[in-house]
Every structure is written in C-alpha cells, then in structure tokens.
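Student: Below, each chain spelled out in residue letters.
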Amino acid sequence: MTRVTPPARGVRIGFAALAAVAFPSLASALPFWLRLPENVSTFGGKIDSLFYLILWITGAIFVLVEVLLIYFLIRYRHREGRPAHYTHGSNRLEVIWTIVPAIICVVLALLSRRSWAEIKQNMPQGAMNVEITAEQFAWNIRYPGPDGKLETADDVVTLNQLHFPVGRPLIVTLHSKDVIHSFFLPEFRVKQDAVPGMTTRIWLEATRVGHWEIVCAELCGLGHYRMKGFVTVETPEEFDRWLAETAREASS
Amino acid sequence: MSTIAVARELPPGVHPEPTSFWRKYIFSLDHKVIGKQYLFYSLSMLVVGGLLATLVRWQLAWPGRPIGFMGKLAPEGMPNGVMLPEFYNSLFTMHATIMIFFAIMPILIGAFGNFVVPLQIGARDMAFPWLNMFSFWTAVPAAVIIIWSFFVTGGAAQSGWTSYAPLSAIMPKGQTLWLISLLVLGISSLLTAVNIITTIINLRAPGMTFFRLPLTVWALFITAILLLLALPVLSGAMIMLLFDRLLGTTFFLPKGLIISGQPLTNAGGGQALLWQHLFWFFGHPEVYIMILPAMGITSEILPVFSRKPIFGYRAMAYSIMGIAGLGWIVWGHHMFMSGMNPILGTTFMISTMVIAVPSAIKVFNWLGTLWGGSIRFTTPMLNALAFVSMFVIGGLSGIFMASTPVDIFIHDTYFIVGHIHYVLFGGSLFGAFAGLYFWYPKMFGRKMSERWGKIHFTLTFIAYNCVFFPMHFLGMRGMQRRIYDYTQYAHLKGLQPMNQFMTISLFVLGAAQVILVLNFFLSMRRGERVGPNPWKANTLEWQTASPPPHENFAEIPTIYRGPYEYSAPERGADDHWPQNEPPSQRAVTAHG
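Line by line, the protein sequences are chains A and B.
Letter by letter, the first sequence follows residues 219 to 470 in this note's numbering.
Letter by letter, the second sequence follows residues 658 to 1249 in this note's numbering.
Just chain A, with the same shape it has in the complex (with noise of 0.2 Å):
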C-alpha cells in the first residue's frame, strides 16, 4: 500500500477526548457532561481517580471487542467459494481469556477496597458531630451547642441547611423517622442511605468554601424529587458566627 491516508478527523477528536479523560488537567476541554461534577471532599479525587481507572480499562476492552467484532463481520462475510474454517475452539484461548479478566477484577476490586476501607469504615479524629434526621421530605440537621455534646439541651436545629467549617472533618450521624432516604452530596461524592430504625456514621471534609444541595436519593415518596436541602461550607469564624446566632434565633 503506498497511498496514506491521513488521520480521520473524529479519531484524532476521540484520543483528545480520551486523553482529556485520562489527564483531569485537560478535562475542562471537554463539554461539562462528559466530566464528573466538580469535587470539594478530601476523599472525592480518590473515588474520582478508581472511576476513570475503571473507564480506561473497561474502555479499552470496549474497544478491543466491538473493533474485533466488525473486523470479524467485514473480514469473514460470506463470499461464494469460501467456506467457514471448521473448529470447535481452543482450550488455551479459553484459559487466557478466563485468567486475564480474573486478574484485571481482582486487582480492581483490591485498589477499590482500601479507598471504601478509608471512606466508610474508618472514622477521623477531631470531627465534628451533626445528627441528620430525615423524613418525608425534609432533612432535619442537629448541631451540637456551645458544650461540644449532641443530644444535650444547647443542640441546635435547623430544617434543611447543613453548615460547616472548611478543613475539618465532620461526622454526620443519620437517622430517618419514616421511610428509607438517602443522604447525598454530589460534589462530595457522599451518598449514604437513612434507614429508620437504624444508626449509620459517616464522614466527609471539605477542602473549600461554597454552596451546593443536598438531595435525597432514595424514592420516599410522592416529594421525593423535592427533598432538597443546603450546605454552606464556611471558614471555622464564619460558622461559629453562623451557629451562635441561630441558637440565638430559635431561643428568642
């Protein structure tokens, strides 16, 4: 073959897009849909990095086989005069694509397990300690007072809006009075079902001031799809500033 074609166009905009994936550097390039929202929690990156870990792999497999696949059909289409090649397979074929998939899950399922060991089963020191409850549809969020306790009589309440400082870890306490929800925070890669009748722990922290939503996640019922509360991520003053005068409001 002595003719080059030169590189299709839509190739070159997939390894840019590709590559985009792979780099989050270069991630911005690429329109906001085919990225994962914007990460504000210590242990998101993490969580982030095991996802596009996994869509490179599972990418280039997808690619392998549909690539393979239409080879296969235009290659081995039917033409009068030749016939199909008579076998019935070949055990070490079978063996090697039984042992490489093995190994690529197990290895993934290692790596997974150490950021879930780190995220859900072990708790940080020096957190701070809220009580979500939850019902249908509000998310009822108690705070600890000036004595540093929950469940004492300085807790403060809100209805919907979660406050709390930037770089320390907070330790949310979930509850639900009714029905199953789900306490989850998008841009902190936090999700973690309120089931009544049980107590769950979780934690996160945050890694800058802002505002986002929380929403729940679970079907609840006919407000399911309005079940939205707030966070404000705020520095240590601010939200001692922030707590002190809604104690002062609801006391008054």
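Quick caveat, the hints were computed from the structure, so don't treat them as lab data.
Where hints are given, some of them may not hold.
Facing chain A, a subset of chain B residues (Cβ under 8 Å, in silico) [claimed, not checked]:
id	residue
1	930
2	963
3	999
4	1002
5	1033
6	1050
7	1057
8	1060
9	1139
10	1232
11	1235
If you want the footprint, here are the derived chain A segments under chain B, 3+ residues with CB under 8 Å [said to hold, decoys possible]:
id	stretch
12	303-315
13	318-327
Calculated pairs, DSS-like style, for lysine-lysine (alpha carbon to alpha carbon, straight line, at most 25 Å) [claimed, not checked]:
id	chain 1	residue 1	chain 2	residue 2
14	A	446	B	1104
15	A	446	A	395
16	B	1104	B	693
17	B	681	B	693
18	B	693	B	1111
19	B	693	B	830
20	A	367	A	395
21	B	830	A	395
22	B	681	A	395
None of these values were measured; they are calculated from a predicted model.
Every residue gets a Cβ at the ideal spot worked out from N, C-alpha and C, and that includes glycine.
Since chain A is already given, all that's left is putting chain B on it; use the hints.
Tutor: Showing chain B alone in chain A's frame:
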C-alpha cells in the same frame, strides 16, 4: 450428570389432537400453541410498558408540560394533562414491573422456552402439558390485576419495582394489588420452571446427551433452576409485606416510625433492610434469569449464520453454570449504600467482580465463533450481533458499580438506569428480537419480511443507543433516578437539552416498533412460505415441518452429534449436518 440420554418419550396420543376451537387455540395443551400465547401476551405487555416509559420520558424532557388527551384518559394522575409526582412514581414503577415480569420473562421463558425446548430436544411436548396450560392461564389474571391497579383509588403502585419497605408498607391500595399480581404470576413462573426442568431431564430423544444439547436449551435449563430457587424467596417476602399491609404484622416496620407526624402504632420489631436482603437475593438471580435465555438464543444464531461450530461449546455451557452459581452471592452489591456493614460490602464487591469473568468468557467465545466464519447478515443475525455488542456495554458498566467507592457516587443515579437498560434492552430484548425473527418461520410457516426486518433493526439499534447511552452521562453528573423534576436542582438544570434529545429518540424507537408489529402480523398471511429448514440449521426443530405437526415429530429422532456441526470438512459442499442425520453409509460400513 449422566451422559446417557434417558429416552422416556410421552406415549403418542397422550393428548390427542384437539378439534374444537377452544381446545385448539384457547385452552390448548400443545406447547407450541402455549408458546405462541405467551408470545402475544408478552408483546402486548411490551407495548404497555413502552407507552408508560414514553410518559416518563415526556416528563423528563418537558417537566410539567401538559399532554391534552392524557387529562381525559387519566384525570386523577394528570389533571388537565399535567403529570402529578405520585403518578410519575406509578409510571416508572409499573414500567419496570411490566417490562421485567410481564414482557421480558414471558417472551424469553414462556414463549421461546415453551416453543423451542421440546422441539430442540426431540420431545412430543412438555413433560406436564396440563400444568403448562395452567401456567399460562395463571399469568393472565396476574396481568389483569396489574393493569386494573391503575384504576383503584390512589393509583397503581408507586414505590419502585424494588418496592423498598417501609415505603411500600404505607403506600395506597395499588401496592396491595401489585403484590397480589406478582404472587399470582409467581405461581405461573414456578410451574413453568418445574416443567422446563423436568422436560429437559426426562424427555431428551435417544442420543441427546447433555453435551449435545443446543445452548438455548442449556440456558433455559439453568434459568429454570434459578427461577425455581429464587422466586420462592420473593414470594415469601411479598407475603410478609402483604401481612404488614393488611394484617398488622411488622416484619419490615421498626419501632418508632412516625409517618407525616403520626406515630405508626403497630410498628415495632421489624427490619427495613430485611426486605432488601430478601428482594435482592431473588433480584440478582432474576437479572440472570432475564439474560441467560437471550445468551442462549445468541449462541444458537451466531453459528447458524456464521456456518461454523460455536467456539468453545463446553466453555459456554460451564460459563452459564458459573454465572448461575455466582449469581447467588452477589446480591449485596445492590445494598452498598444501605447501611449494611461496609466489610460485608467488600466481600460482595469481590464476588461481583468475579462474576464478570464468565460473562467475558461468553463474549470472547462469540467473537471466536465469528472468526473465520462465512457470515450471512440476516435479520436474526443482526439482532444477535446487536446483543453481543450492546451486552458488552451493559457488562462493562457493571464494573463501575461493583467498585464500592465508585458506587458511592453512581448508586441510585441514571448511570444505573443506563446499565440496566443496556443489559435488559441491549441484551434481553435484542436477544428476544433475534429469537423472534429466527423462529418465526418455524412458528408460522412463513418468514417475516427481511427488508422490513432490517429497517426495523437499523432504526431500533440507532434510536436505542440515542435513548440509553446518554443515561451514563446523566449519572456522571449526579442526576438521581426516579426523579419527577430534576430541573429544580442547580447542578442538574443544564441536563434538560440532553433529556429532550433522549425523549425525541424514544419517539423514533417507539415508531420503529410499529414496523415490527406490522411485519409480525402481515407476514402471517403474506410472508414467504418456507420449508422445514429455511436457515439450513442443524438442531431438531428444523428437521420437522414448519409449523411442526401436532406432537412435533412423525417419529422420535435419534441424535448422532452435537448441535453446531457446520462446514464440517467431511461433508464437502453441504455446510450443515443435522443432529439426527445418521452417519454416512461409508462410515457405517467402515465401522461395521
């Protein structure tokens, strides 16, 4: 497993050919008629499920925009044509329920299972013909009840097809009908499962050893075993939920429940998560119940139209068993975010990762079957190829949610909805379409139009990907599933154009199915007439007339070889080799 086929054929005339209309077409004992009854049943329910999905997608594309005529059709759920949230919840609940239990399962197991299994193993009928008729006629009232539930006060069930307690325990009356309908349908499915298992074990023709069974039969055999073992768990859980709703028990109701400010006085002692454990112990094998038969159909069709033996027959059979075995220990991956102990989550993650392996084996063997073939692009083949290419996406996207940390983000988002539709539409439904085009000539003695079949396939394949692939992007942006109005969340507002694109694609997808319906009915009268074996296939159903006579075979065939001996060198120009064709005279004398 015995390799000696047990030939215990039904005595001829165990149910004589009926002459009256009622016994021949309505209360028939003939597996072929019952298979066709299931086919009509499931295709009708497929249309109902599709229409429900269209309403769901309308709301997602244009939240709150009225549909005039729906205001008259469903004045309570859509007053003046504007959809209420509770009606929206009913729509997706019933869409999933109908598609899973009333469309996909009956078409794969009821229609193809019934029609194909006795023919492929060389039997005159199912082992229990009367039970078979009873199964079908039990499935009919179940469908009536589930449709009826739309018209009771409070509307149809609205707590999702998973019906998580305690929500499902406190929802209006439609939920009770949902439970009763599925309990009735469960009886039907259990009887079918028993029948399929017994038939395959006992009624194989002489020489039909287990490792000479067509892979469709293998898949349906394992599916029936899964059904037999999984369904009673769901039925048990549903009876408990029914008791919680009607008799004041508290299996799923923990102490101290306060519903809308009112304490639920009878609550106490129950466990909300118990429902999820029971439901998913059934629910995960259920996913394989819906995919294994489609895998079997694909494994049947690829060799026929590649004119080549299936690559790795035994690996294919063993991987079906592997999937079925591992399918019992992965249910917890639906519950990573439920509050279940995170250490348990890790074990479920490992078993879930491992179950990807047998699926991968199957995909590679399908590729191996195509390699070196002589491929004919008939309509059944195109649909089977779509199964392979789309199932790959559904399988690979499963790895994301198997990884527990990644699942934190994508659980309960549209990523999951995309995944399940790539498995159930891209997989099960393309498999069902492939089977329909493939066995239609055997069922009705005429072919469906190839030209319209290809137009239907092309439109479906393109529109299907336009509807479902973007779901992965919605999930990546954090859009939760089962949400009536996402536009009120700041981070989801920008997704409306994409949702509109998906809904418009769904209109195209729906319109394409009109072609299928027309092709299906018109071909019964006008399709090209075919002989016994239009595809030159090896399995036994093609070695008898199309459609097969009452009791299938003039004489029970004897089987001499495996089902996929295509293009064998010793056959010369003849590239097929029916399973029941005696070895050639030369070979006989050489051995004799």
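Student: Does each hint hold? Answer for all of them.
Tutor: Results of checking the hints against the structure:
1. 930: At about 6 Å, which falls below the 8 Å cut-off, the nearest Cβ of chain A leaves the hint on residue 930(B) intact, so it holds.
2. 963: With Cβ-Cβ at 6 Å, under 8 Å, it holds.
3. 999: Since chain A brings a Cβ to about 4 Å from residue 999(B), closer than 8 Å, the hint holds.
4. 1002: Holds: closest Cβ of chain A sits about 7 Å from residue 1002(B), inside 8 Å.
5. 1033: holds, 5 Å
6. 1050: holds, 7 Å
7. 1057: Hint on residue 1057(B): holds, closest Cβ of chain A at ~5 Å, below 8 Å.
8. 1060: holds, 4 Å
9. 1139: Hint holds; residue 1139(B) Cβ to chain A Cβ min 5 Å, cut 8 Å.
10. 1232: holds, 7 Å
11. 1235: Status violated, d = 16 Å.
12. 303-315: holds (count 9)
13. 318-327: holds (count 6)
14. 446(A) to 1104(B): violated, 55 Å
15. 446(A) to 395(A): Holds, at about 17 Å.
16. 1104(B) to 693(B): holds, 16 Å
17. 681(B) to 693(B): holds, 12 Å
18. 693(B) to 1111(B): holds, 23 Å
19. 693(B) to 830(B): Not satisfied, since the Cα-Cα distance of roughly 33 Å exceeds 25 Å.
20. 367(A) to 395(A): Holds, at about 22 Å.
21. 830(B) to 395(A): holds, 22 Å
22. 681(B) to 395(A): violated, 57 Å
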